[in-house]
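Sequences and hints are given; from them, build the entire structure.
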Amino acid sequence: MVTILSTVEAQAPSAAGPSGCGPVPVPVPVVAVPGPGVAAALKTNLIVNYLPQSMSRRSCGASSGASGTSSLQVMDKGQSLGYGFVNYVEAGDADRAIGALNGLKLQTKTIKVSYARPSSASIRDANLYVSGLPKAMGQKEMEQLFSQYGLRSSVPVPCVSRGVGFIRFDKRVEAEEAVRGLHGQKPWGGRPITVKFANTPGQKSGGALLSLCPGARRYGALILSPQLDNLLNVAYGVRGFSPLAIEAVPALAGVGLGTPGPGWCIFVYNLAPEADESVLWQLFGPFGAVTNVKVIRDFATNKCKGFGFVTMTNYEEAAMAIASLNGYRLGDRVLQVSFKTTKQHKA
DNA sequence: TAGAATT
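Numbering (full-length UniProt numbering), first residue to last: 1 to 347.
Please keep in mind that the hints were generated in silico from the structure rather than gathered at the bench.
Fair warning: there could be bad hints in the mix.
To be verified - Here are the simulated BS3-like pairs of lysine-lysine, each with C-alpha atoms no more than 30 Å apart in a straight line:
#1 K105 - K135
#2 K303 - K135
#3 K340 - K303
#4 K294 - K340
#5 K294 - K305
#6 K340 - K109
#7 K109 - K294
#8 K112 - K77
#9 K109 - K135
#10 K186 - K140
#11 K171 - K109
#12 K340 - K305
#13 K112 - K43
#14 K77 - K135
#15 K77 - K171
#16 K112 - K140
#17 K43 - K135
#18 K171 - K112
#19 K140 - K196
#20 K196 - K186
Said to hold, decoys possible - Computed beta-carbon distance windows for the label pairs:
#21 A136 - F166: 41 to 49 Å
#22 Q185 - S114: 39 to 47 Å
#23 N270 - S120: 30 to 38 Å
#24 N270 - A319: 48 to 56 Å
#25 R329 - D298: 21 to 29 Å
#26 D95 - D298: 46 to 54 Å
#27 E316 - N102: 24 to 32 Å
#28 E90 - G190: 27 to 35 Å
#29 L42 - K303: 22 to 30 Å
Backbone N, C-alpha and C fix where the C-beta goes; we use that ideal spot for every residue, glycine too.
So, in structure tokens, the structure goes:
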């Protein structure tokens, strides 16, 4: 059991934990990413982190079922927790999805896509909140300080600003050690730093949100579809859907391969010659349910002719996407985005 | 003094 001390208590370093914490813990290497020898089941299960807040309950209203090759579940507890899981059938698809989508920029976020580790209590609640950092200390210094408590095989993503930050460990025990060893210490002189476990959802806001949403007390898993599902299926370098995947899933028949389903058709102008469908998924997906995207190409060169179409299920989401993306600067081009005027249609 | 990594 770890006692989490308040900032005030942090003024008394002796209360921070057991005395005699001198010996430097030996870093324990851990393997978070399945290597070649790992069971196949693990290599089909991905975790997606740093999802934009918009990819949550609000934007997946019209979930019409996941595709046959994968499904994305965004974890949600009243509000999006910003991460989710994807299960692929084929390990190769999972591998390609990592290659194509890890580091993808969605709105203000850069998502991280990696193999999920087998679920275990030992890897949960391993995120620390650090405050009282000297102004000059950045992410690098913080990582250096905390690295003695564990090798983090995942990329450490502490966010340091205004003297506070987060640091994530691979294992709970490593985080506990770090709290014991560093809370109330003065690693850089000055005032002592506060190191404690980061709030878990619901802890911060008291009961306000939860009392409005009684059903939100438990974790809910939301199927987010088709927007990021499609992205996860399409964006790994292949143009359009896999015909095999389409045939295998009746729900998707007529959705891909240039056959727009019902919805709102959006005209996108001023795309670069190199633009492909994945660009459109990336641009529009975060705004809601996208059922189809198409880049119009020159027959001879196969280059984009400068425009394309996106079909979105919900009017409000489509309108928001247009309002947000019209005039958006993509590379050195300014996009023109509007409802398609000549053949505007509705479900 | 706050973002969101284990279903």
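Hints, verified against the model:
1. K105 - K135: Roughly 28 Å between the alpha carbons, so the hint for K105 and K135 holds.
2. K303 - K135: violated, 49 Å
3. K340 - K303: holds, 22 Å
4. K294 - K340: holds, 13 Å
5. K294 - K305: Between K294 and K305 the Cα gap is close to 11 Å, so the pair holds against 30 Å.
6. K340 - K109: Answer holds: K340 to K109 is near 29 Å, not above 30 Å.
7. K109 - K294: Roughly 25 Å between the alpha carbons, so the hint for K109 and K294 holds.
8. K112 - K77: Holds, at roughly 20 Å.
9. K109 - K135: Holds, at roughly 24 Å.
10. K186 - K140: Holds, at roughly 17 Å.
11. K171 - K109: With a Cα-Cα distance of about 25 Å, the restraint between K171 and K109 holds, given a limit of 30 Å.
12. K340 - K305: With Cα atoms ~17 Å apart, K340 and K305 stay inside 30 Å; holds.
13. K112 - K43: Holds, because 16 Å separates the two Cα atoms, which is no more than 30 Å.
14. K77 - K135: Status violated; Cα separation ~34 Å.
15. K77 - K171: holds, 23 Å
16. K112 - K140: holds, 20 Å
17. K43 - K135: violated, 41 Å
18. K171 - K112: holds, 19 Å
19. K140 - K196: holds, 19 Å
20. K196 - K186: The given pair, whose Cα atoms are some 15 Å apart, holds under the 30 Å limit.
21. A136 - F166: 41 to 49 Å: violated, 19 Å
22. Q185 - S114: 39 to 47 Å: Violated, at about 31 Å.
23. N270 - S120: 30 to 38 Å: Given range 30 to 38 Å: violated, Cβ gap about 49 Å.
24. N270 - A319: 48 to 56 Å: The hint (48 to 56 Å, Cβ to Cβ) is violated, given that N270 and A319 are roughly 20 Å apart.
25. R329 - D298: 21 to 29 Å: Given range 21 to 29 Å: holds, Cβ gap about 24 Å.
26. D95 - D298: 46 to 54 Å: At 32 Å between Cβs, range violated.
27. E316 - N102: 24 to 32 Å: holds, 30 Å
28. E90 - G190: 27 to 35 Å: Distance hint for E90, G190 is violated at roughly 53 Å.
29. L42 - K303: 22 to 30 Å: The hint (22 to 30 Å, Cβ to Cβ) is violated, given that L42 and K303 are roughly 40 Å apart.
Hint violations for this structure: numbers 2, 14, 17, 21, 22, 23, 24, 26, 28, 29, all remaining hints satisfied.
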